[in-house]
Amino acid sequence: MTDVTDKAEAKLDRPLGQKNDPRAAKLSRASKAKQKLTSPGATIAAVIIAVIWTIPTFGLLVSSFRTPEEIRTNGWWNMFVSPSFTLENYADVLTTQGASSANLSSYFVNSLIIAIPAALFPIILATMAAYAFAWIKFKGSGAIFVLIFALQIVPLQMALIPLLQIFSSVLGISGTFPAVWIAHTIFGLPLTIFLMHNFIAEIPGEVIEAARVDGANHTQIFFRIIIPLSLPALASIGIFQFLWVWNDLLVALVFSGGTADVAPLTQRLAELVGNFGRNQERLPAAAFISLIIPLIVFFSLQRYFVRGLLAGSTKG
Amino acid sequence: MRGLAPFWSDLFEKFGLMLLGLAVFAAVIGVILFLADRAPKRGRDVWQLLAFVAPALVLLAVGLIYPAIRTTLLAFYDRTGNEFVGLDNFVWMFTQPDIVQTLINTLIWVALVPTLSTIIGLAYAIFIDKSHGEKILKSLVFMPMAISFVGAGIIWRFMYEFRELGFAEQIGLLNQLIVMFGGQPQQFLVNSPFNTLFLIVVMVWIQTGFAMVLLSAAIKGVPIEIIEAARLDGANAWQQFRNVTLPGIRGTLVVVVTTISIATLKVFDIVRSMTGGNFETSVVANEMYTQAFNRSEFGYGSALAVILFLMVLPIVVYNVRVMRKQKEIR
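Just so you know, the sequences run in chain order A and B. Residue numbering for the first sequence follows this note's numbering, beginning at 1 and increasing consecutively. Residue numbering for the second sequence follows this note's numbering, beginning at 1001 and increasing consecutively.
Just chain A, with the same shape it has in the complex:
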């Protein structure tokens, strides 16, 4: 069984439209010992790019630990001349109550409440549909699957206005968590079905055939074979969908109603940055509170993160 999983997992590690050539991988490993192409000049250029790419984030992180007075009056690089450290900003944006405060703890909770179901619903529905498209023969299967694949090219913007009308006048759920969950589930489905299908179709037919001979029906095959074998793919695609929802602003703006009851962090941040002059001492800490979850995922689950991203980069 592990061999099957390994083989299928290898598929997750290559970007869309690319095949892993095992021969090439072996050769490049052998060549590691050999002299590399690059010159000292190239190394210096690389380090310069790395520094330029890191400084903006680093500066904001430093800022978030300075006092409000310091943030307003001089740049974060002064930290190295006159060091200071405070958690005041984090305490302020998280715990201070009141209409004009950032109130981020509520929005942080909202982001979690939105993102967990909005990641689970589509991958479960997609796994079911992908199993049917891969292993149940029926008329029109190919045509419907191509249609779902084609739906990926429809920009979210095409669906927003009518979907909002359905939510507000037919279902009456506009501005609630279920509205945001359902919207994210729908927008996530075309890509997740496509990716899960790629994965599930690679499961060897003998495994499924053997279960069928033993008298298992589709439901049993799905729970006993498909789900356990798909766990690596489910993890990668689930993480990608979770981060996509966590980082989303557009769907949140349209469907969440924009209050502290439902709206996620991104929406509150967009509001705060809209009044930059008044909120500038809060923004560094506020931004890092929203970045902390993606950064933890990025640094601890990088393998899954890269896979999910490579596969899912065409979403939206």
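Be a bit skeptical, because a hint or two may be false.
These stretches of chain A come out as covered by chain B in the derived footprint (C-beta under 8 angstroms, 3 or more residues) [stated by the list, open to error]: (1) 62–69; (2) 170–182.
The list that follows gives simulated cross-link-like pairs (lysine-lysine, DSSO-like), each with its CA atoms no further than 30 angstroms apart [claimed, not checked]: (3) B:K1220 / B:K1138; (4) A:K137 / B:K1325; (5) B:K1220 / B:K1130; (6) B:K1220 / A:K137; (7) A:K139 / B:K1266; (8) B:K1325 / B:K1266; (9) B:K1041 / B:K1138; (10) B:K1220 / B:K1325; (11) B:K1135 / B:K1220; (12) B:K1325 / A:K139.
Rather than coming from a laboratory, the hints here were simulated on the basis of the structure. Even for Gly, the Cβ is constructed at its ideal location relative to N, Cα and C.
Could you slot chain B onto chain A? The hints should help.
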């Protein structure tokens, strides 16, 4: 600390709601699959098939296919959706100076972001290939890809921050550098037309890591014998790159450029959170939101969504054709 009590009750209420939502979802799916499992022998296959595909198909039909068709129709109706106005919304789009500016901005974005991200990403991937600490160097440039566009917007808002010279110290790094070298501090996000370029920098900052990771994987797939052979033939580093590496990664280059182009056409969060589309920086996706949801101009908003779709379409078609051709070669 007394302020925390409402927070906890709020927290429990919301998590309760989430668990309820998850339970309802699990129950619905469970019942559907249970019924399919116990379906009468006659036609069991059909019932089981329906149980697996119907939930996803119904959601897609109601939430994506129907809305997309309706948006296309709404593009030919007035703001109330009742009166047919023919091509008026599109005429409006191409005659209103600020909307024309929006379309031009979108074209500038899609011309610059994929080009710059791919070139920098490719150069970086080659520079760090097989170097010490390649993994860490990759992480540093790839990291912006993990965070939200809004977060990136805030990070760069501080980089661009402007203070009048002589009244206060600069708090933005870029203006500090300008002042240090004796220049005048700039209002990067206000002064048109260059403010659009400074927004584009943020998108390039995000997308370069994506290009770099894909291209790096592709470079490692180029067989080493060919590179060795080229070196033995006396090819210098540039010639090796031009004649061996570049042809070897062409397929991935197409995927990278098209993927970034599509993401760029749909860019919304960066513009929304950094300038709000003011100072002539608006793009189609932002203008669509403003017209439809801030001004209730559903006709205009729908027309802009249709334009966005038409801009994305040829890129996707091209992408699919290239991918299919590659499959045939293999």
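How the hints compare with the structure:
no.: 1; hint: 62–69; result: violated (count 1)
no.: 2; hint: 170–182; result: holds (count 4)
no.: 3; hint: B:K1220 / B:K1138; result: holds (14 angstroms)
no.: 4; hint: A:K137 / B:K1325; result: holds (27 angstroms)
no.: 5; hint: B:K1220 / B:K1130; result: holds (9 angstroms)
no.: 6; hint: B:K1220 / A:K137; result: violated (39 angstroms)
no.: 7; hint: A:K139 / B:K1266; result: violated (36 angstroms)
no.: 8; hint: B:K1325 / B:K1266; result: holds (27 angstroms)
no.: 9; hint: B:K1041 / B:K1138; result: violated (56 angstroms)
no.: 10; hint: B:K1220 / B:K1325; result: holds (22 angstroms)
no.: 11; hint: B:K1135 / B:K1220; result: holds (14 angstroms)
no.: 12; hint: B:K1325 / A:K139; result: holds (27 angstroms)
Checked against the numbered hints given earlier, the structure breaks hints 1, 6, 7, 9 and satisfies all the rest.
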